[in-house]
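Read top to bottom, the protein sequences are chains A and B.
Mapping of the first sequence onto our numbering: residues 15 to 339, in sequence order.
Mapping of the second sequence onto our numbering: residues 15 to 339, in sequence order.
FYI, nobody ran anything at the bench for these hints, they're computed from the structure.
A hint or two may mislead.
Said to hold, decoys possible - Simulated pairs of lysine-lysine, DSS-like, Cα-Cα distance not exceeding 27 Å:
#  : chain 1 : residue 1 : chain 2 : residue 2
1  : B       : Lys273    : A       : Lys273
2  : A       : Lys93     : B       : Lys93
3  : A       : Lys38     : A       : Lys273
4  : A       : Lys141    : A       : Lys273
5  : A       : Lys141    : B       : Lys93
6  : A       : Lys141    : A       : Lys43
7  : B       : Lys93     : A       : Lys273
8  : B       : Lys217    : B       : Lys231
9  : B       : Lys38     : A       : Lys93
10 : A       : Lys217    : A       : Lys231
11 : B       : Lys231    : B       : Lys93
12 : B       : Lys43     : B       : Lys141
13 : A       : Lys38     : A       : Lys141
14 : B       : Lys273    : B       : Lys141
15 : B       : Lys38     : B       : Lys273
Claimed, not checked - Among the chain B residues that face chain A by a calculated CB cut under 7 Å, a handful are:
#  : residue
16 : Phe98
17 : Asp145
18 : Gly168
19 : Ser169
20 : Leu172
21 : Ala174
22 : Ile176
23 : Gln182
24 : Leu253
25 : Lys273
26 : Val310
27 : Gln311
28 : Glu313
29 : Gly315
Quick caveat, the model's predicted, so the values are computed rather than measured.
Note that the Cβ used here is the ideal one computed from N, Cα and C, for glycine as well.
Listed below, chain by chain, are the residues.
Number of protein chains: 2
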Amino acid sequence: MRTSYAIGVDVGGTRIAAGLVERKGRTLKEVRALTPAEAGPFAIVDAIIELIEGVAVTVHPGEIAGIGVGLPAQIDFLKQTVEFCTNLPLAGVDMRSLIMSRVRHPVTVDNDGNCAGIGESRFGAAKGVRDFVMITLGTGVGGALFLDGEPYRGSRGLGAEIGHMVVQLDGPPCPCGGNGHIESFLGRPALAARGRAAAAEYKGEAIRDEAGGDAEKVTAENVVNAALAGDEIARDILLDAGTVLGEALVGIVNLLNPKLIVVGGGIGESCAFLVERAAEVIDEHALAGRRDVRMVQAELGNDAGVLGAAALAFDEHDSREGLHR
Amino acid sequence: MRTSYAIGVDVGGTRIAAGLVERKGRTLKEVRALTPAEAGPFAIVDAIIELIEGVAVTVHPGEIAGIGVGLPAQIDFLKQTVEFCTNLPLAGVDMRSLIMSRVRHPVTVDNDGNCAGIGESRFGAAKGVRDFVMITLGTGVGGALFLDGEPYRGSRGLGAEIGHMVVQLDGPPCPCGGNGHIESFLGRPALAARGRAAAAEYKGEAIRDEAGGDAEKVTAENVVNAALAGDEIARDILLDAGTVLGEALVGIVNLLNPKLIVVGGGIGESCAFLVERAAEVIDEHALAGRRDVRMVQAELGNDAGVLGAAALAFDEHDSREGLHR
Numbered sequence: 015m016r017t018s019y020a021i022g023v024d025v026g027g028t029r030i031a032a033g034l035v036e037r038k039g040r041t042l043k044e045v046r047a048l049t050p051a052e053a054g055p056f057a058i059v060d061a062i063i064e065l066i067e068g069v070a071v072t073v074h075p076g077e078i079a080g081i082g083v084g085l086p087a088q089i090d091f092l093k094q095t096v097e098f099c100t101n102l103p104l105a106g107v108d109m110r111s112l113i114m115s116r117v118r119h120p121v122t123v124d125n126d127g128n129c130a131g132i133g134e135s136r137f138g139a140a141k142g143v144r145d146f147v148m149i150t151l152g153t154g155v156g157g158a159l160f161l162d163g164e165p166y167r168g169s170r171g172l173g174a175e176i177g178h179m180v181v182q183l184d185g186p187p188c189p190c191g192g193n194g195h196i197e198s199f200l201g202r203p204a205l206a207a208r209g210r211a212a213a214a215e216y217k218g219e220a221i222r223d224e225a226g227g228d229a230e231k232v233t234a235e236n237v238v239n240a241a242l243a244g245d246e247i248a249r250d251i252l253l254d255a256g257t258v259l260g261e262a263l264v265g266i267v268n269l270l271n272p273k274l275i276v277v278g279g280g281i282g283e284s285c286a287f288l289v290e291r292a293a294e295v296i297d298e299h300a301l302a303g304r305r306d307v308r309m310v311q312a313e314l315g316n317d318a319g320v321l322g323a324a325a326l327a328f329d330e331h332d333s334r335e336g337l338h339r
Numbered sequence: 015m016r017t018s019y020a021i022g023v024d025v026g027g028t029r030i031a032a033g034l035v036e037r038k039g040r041t042l043k044e045v046r047a048l049t050p051a052e053a054g055p056f057a058i059v060d061a062i063i064e065l066i067e068g069v070a071v072t073v074h075p076g077e078i079a080g081i082g083v084g085l086p087a088q089i090d091f092l093k094q095t096v097e098f099c100t101n102l103p104l105a106g107v108d109m110r111s112l113i114m115s116r117v118r119h120p121v122t123v124d125n126d127g128n129c130a131g132i133g134e135s136r137f138g139a140a141k142g143v144r145d146f147v148m149i150t151l152g153t154g155v156g157g158a159l160f161l162d163g164e165p166y167r168g169s170r171g172l173g174a175e176i177g178h179m180v181v182q183l184d185g186p187p188c189p190c191g192g193n194g195h196i197e198s199f200l201g202r203p204a205l206a207a208r209g210r211a212a213a214a215e216y217k218g219e220a221i222r223d224e225a226g227g228d229a230e231k232v233t234a235e236n237v238v239n240a241a242l243a244g245d246e247i248a249r250d251i252l253l254d255a256g257t258v259l260g261e262a263l264v265g266i267v268n269l270l271n272p273k274l275i276v277v278g279g280g281i282g283e284s285c286a287f288l289v290e291r292a293a294e295v296i297d298e299h300a301l302a303g304r305r306d307v308r309m310v311q312a313e314l315g316n317d318a319g320v321l322g323a324a325a326l327a328f329d330e331h332d333s334r335e336g337l338h339r
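Chain A extracted, bound-state conformation (with noise of 0.2 Å):
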């Protein structure tokens, strides 16, 4: 029977997504479940697994050729394990094996960032560029290196941590401890302080107003609103942010001289002027010989996790099949 279908689980720390998906990436089927977070791993195994199920039955099951599931975690490619995970309580956990005992196919499991930019290569914003770089500028920044190709994931298979260069030395702190990291200015949490501290101003009112007018619940999406409506102070605070990813950028460009850089993420898809203003820094101040690097919005939106987990089982099931993309 032809395995026309893989199935792609993306596990946000909030929602979970399954897709049922076609090799040339049409969507059959799609299921959504909140991410039952505060309820441990085996609770979080039993949604995907409903999810699952959810799509699976659609078709026959030999025609599926596997599933891919992206967390948002540090995943041990090679191993197929959880080795850290910061917004949900899956460290140390065989993911794989739990997931592969309850279904009828083989499980692949990749870091979430790396899903998103094998879906983007595959059918969205990077089709066809072997050579590019994917920043996602979520509640974290994550994102993923493919290098001739395939996404490179490092001697222990750990995924491409690009919220996690220093762009500011004793700058402020990061989530993950350290300080003046690219998250420290581009997560959510950042932009947002940086709006509640715009928005307790006098002049901050659009932002404020975004916010029901309380300057202590303003988010970073608020601050996103208010400058898509023409506000400009909250504009200059996502200006700011994208004059700091365009030097961090400028560094990645000088490090790894890519053809493309995608950006995606919530922050990355609905702020054009972001993107641009990063994109003007890079061709200011990266070496000669590498300004000619390509910067677009990512295309998949939310997609991007669920039809790249797919691609992953697709390519697995090929390889160990022995057949070649």
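For this one, chain A is given, so just place chain B on it according to the hints.
For chain B alone, kept in the frame of chain A given last:
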């Protein structure tokens, strides 16, 4: 006839060295000359040819696999052209053709940082390690990335310019035109500037003495020598530099998860305590699971460039002949 030798040439801003090297890395003969930097590209080629001929005469031409040339320049490795060169007038010069038209052997050119990395990888501190980062602390800060056993040169082959990653937004100026790059803190000019400032104070006597009593003339080497002789002020300057290096490397470890970091260059090889401080910072600040990265000083010193260029020539010869390492 067995191709038992290759010629490695290391072109620096002040000196050129050429060596006749055996496959196992033993140098049979080595010659050196000053770089005629002011006299234009043809004079530089003349100097290179003279050195090549000086070592080639020792063996039968048929025994020579080829010639590798490391240049202090951004090289488009695929096209084998010099794209940019800060310290020598070689930008746009087709060095490979110019050299090859005057010798009887195939010529391969590469970035000097890559050559040093290949040298350490084949014969030195990184022997047997497939994923490592090399960083060279000299007048500039350069380096190389080895991923899966090969130097990673990026989409255009322009090499890994590790020195030009930002670590301090709006930090001190960098010779490349940027600000707050690794080189802005760790290049010889930066260390010398800190040494001069210290030597101008009463307490900076030891550093001043190294420069013959003239604070204005202090070099990076004066600071290193004062520190090695026990001067605390000089040592603090270099320990500060080690902290900056460590923070920068934390970012690279978080991005690339290497197994090994090799620190070379004149400053890197003479300052074990600077390298140790950087290793401490990594141990404290890198993301969990990546702290097992080993950090060592380069082993080959000035010979790394010649040995690496020769190894490159052997590799190119063997791949032309269909042989595999």
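Going down the list of hints, with the structure as the test:
For the given pair, B/Lys273 sits about 26 Å from A/Lys273 by alpha-carbon distance, which is consistent with the 27 Å threshold. Between A/Lys93 and B/Lys93 the CA atoms are separated by roughly 39 Å; this puts the pair beyond 27 Å, and the hint is violated. For the hint linking A/Lys38 to A/Lys273, the alpha-carbon distance of about 24 Å falls within 27 Å, and the restraint holds. For a cut-off of 27 Å, the pair hint linking A/Lys141 to A/Lys273 stands: about 12 Å separates their Cα positions.
The hinted pair formed by A/Lys141 and B/Lys93 meets the criterion: a straight-line CA distance of about 25 Å does not exceed 27 Å. A hinted pair counts as satisfied when its Cα atoms are at most 27 Å apart, and A/Lys141 with A/Lys43 qualifies at roughly 23 Å. For the proposed pair B/Lys93 and A/Lys273, the alpha carbon gap of about 16 Å is at most 27 Å, so the pair holds. With a CA separation close to 17 Å, the supplied pair B/Lys217 and B/Lys231 stays within the 27 Å bound.
With a C-alpha separation of about 35 Å, the suggested pairing of B/Lys38 with A/Lys93 is violated against the 27 Å cut-off. Taking the CA atoms of A/Lys217 and A/Lys231, the gap is near 17 Å; set against the 27 Å cutoff, the hint holds. Straight-line distance between C-alpha atoms of B/Lys231 and B/Lys93 comes to about 42 Å, which puts the hinted pair past the 27 Å bound. Using a Cα cut-off of 27 Å, the hinted pair B/Lys43 and B/Lys141 holds, with the two alpha carbons roughly 23 Å apart.
Taking the CA atoms of A/Lys38 and A/Lys141, the gap is near 12 Å; set against the 27 Å cutoff, the hint holds. This hinted pair checks out: B/Lys273 and B/Lys141 have alpha carbons roughly 12 Å apart, not beyond 27 Å. Proposed proximity of B/Lys38 and B/Lys273 is supported: the alpha carbons are some 24 Å apart, at most 27 Å. Taking 7 Å as the C-beta contact cut-off toward chain A, the hint placing B/Phe98 at the interface holds, the least distance being around 5 Å.
Because the beta carbon of B/Asp145 sits about 4 Å from the nearest beta carbon in chain A, less than 7 Å, this interface hint is met. Nearest Cβ of chain A to the Cβ of B/Gly168: about 3 Å, under the 7 Å cut. The hint holds. For B/Ser169, the interface hint holds, since its Cβ comes within 7 Å of a Cβ in chain A; the closest pair sits about 4 Å apart. Interface restraint check for B/Leu172: the shortest CB-CB distance to chain A comes to about 5 Å, inside 7 Å, so the restraint holds.
The criterion of a C-beta within 7 Å of any C-beta in chain A is met by B/Ala174, whose closest approach is roughly 5 Å, and the hint holds. Given the 7 Å rule on beta carbons, the hint for B/Ile176 holds: about 6 Å separates it from the nearest Cβ of chain A. A cut of 7 Å between beta carbons decides the hint on B/Gln182: the least distance to chain A is about 5 Å, and the hint holds. For B/Leu253, the interface hint is violated, the least distance from its beta-carbon to any beta-carbon of chain A being 14 Å, above 7 Å.
A least Cβ separation of about 4 Å between B/Lys273 and chain A falls short of the 7 Å threshold, and the interface hint therefore holds. Interface restraint check for B/Val310: the shortest CB-CB distance to chain A comes to about 15 Å, outside 7 Å, so the restraint is violated. For B/Gln311, the shortest C-beta to C-beta distance to chain A is roughly 20 Å, which exceeds 7 Å, and the interface hint is violated. Interface hint status for B/Glu313: violated, as the beta-carbon distance to the closest one in chain A is roughly 20 Å, over 7 Å.
With a cut of 7 Å, the hint placing B/Gly315 at the interface with chain A is violated, because the nearest CB-to-CB distance is about 25 Å.
Checked against the numbered hints given earlier, this structure breaks hints 2, 9, 11, 24, 26, 27, 28, 29; the rest are met.
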